[in-house]
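Residue numbers (the working numbering), protein chains in the order written: chain B, 1 to 113; chain D, 1001 to 1113.
If you are wondering where the hints come from, they were derived from the structure by calculation, not from laboratory data.
Be careful, since some hints might not be right.
[To be verified] What follows is a set of in silico ranges between Cβ atoms, one per label pair, in the way DEER data are often shown:
no.	chain 1	residue 1	chain 2	residue 2	range
1	D	1083	B	54	43 to 49 Å
2	D	1002	B	3	29 to 35 Å
3	D	1083	B	1	23 to 29 Å
4	D	1081	B	67	45 to 51 Å
5	B	42	D	1071	26 to 32 Å
[Stated by the list, open to error] Here are the simulated lysine to aspartate or glutamate pairs, EDC-like style, with alpha carbons at most 20 Å apart:
no.	chain 1	residue 1	chain 2	residue 2
6	B	49	D	1101
7	D	1071	D	1052
8	D	1044	B	2
9	B	60	D	1101
10	B	77	B	63
11	D	1044	B	8
12	D	1044	D	1101
Where a beta carbon is used, it is the ideal one built from N, C-alpha and C, also for glycine.
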Amino acid sequence: GDSVTQMEGPVTLSEEACLTINCTYTATGYPSLFWYVQYPGEGLQLLLKATKADDKGSNKGFEATYRKETTSFHLEKGSVQVSDSAVYFCALSPSNTGNQFYFGTGTSLTVIP
Amino acid sequence: NAGVMQNPRHLVRRRGQEARLRCSPMKGHSHVYWYRQLPEEGLKFMVYLQKENIIDESGMPKERFSAEFPKEGPSILRIQQVVRGDSAAYFCASSPTGEAEQYFGPGTRLTVT
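Same shape as in the complex, but just chain B (with noise of 0.2 Å):
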């Protein structure tokens, strides 16, 4: 069945570093791949999303590359803030219509100033 890999946490990183937060998923077809950012406290809003293959999503500085050929979807920023601290999840949409999203099981992501 379809499922979402997703990189354990925590994650702690220093103001400016570097973040990558892998993401594999096992989908039969043709998935729509998304990440969203969890706040504390609060719900989860989309971050950024891929519909086809080698599709490039971006969203505040944050990136992931759709990429069939690795089932992956890594999301990157090149320079984390104080306010980037958050979980994130990765999430995967079926190719057939009227889907329930699959969720990776969240990284959590605290930087430090």
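Fit chain D to the known structure of chain B by using the hints.
Below, chain D without anything else, positioned relative to chain B:
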């Protein structure tokens, strides 16, 4: 355009009581999804509804849990005879079509004492 609204934000119930969680989708969205997030885990799909119809309830526990999305009013997730293991954050998401990205509400945090 208001986002997805959920209420209450926090709900405390004693074992054996009933919990009712409400979700008002974004304006113009007719597809609603419910997810459960257990502590230290990712979101798990529970049920997918359109107006007056349950489309996919493959993630719903077989007993005590039910969901509806009436023609008028919010979607309701109902948990009867709650147990401590039901303590979790319950998130609702909506989308304008079954193929679009999902927009999440802030969640209802249920605590069973």
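Hint numbers the structure violates, sorted upward?
none
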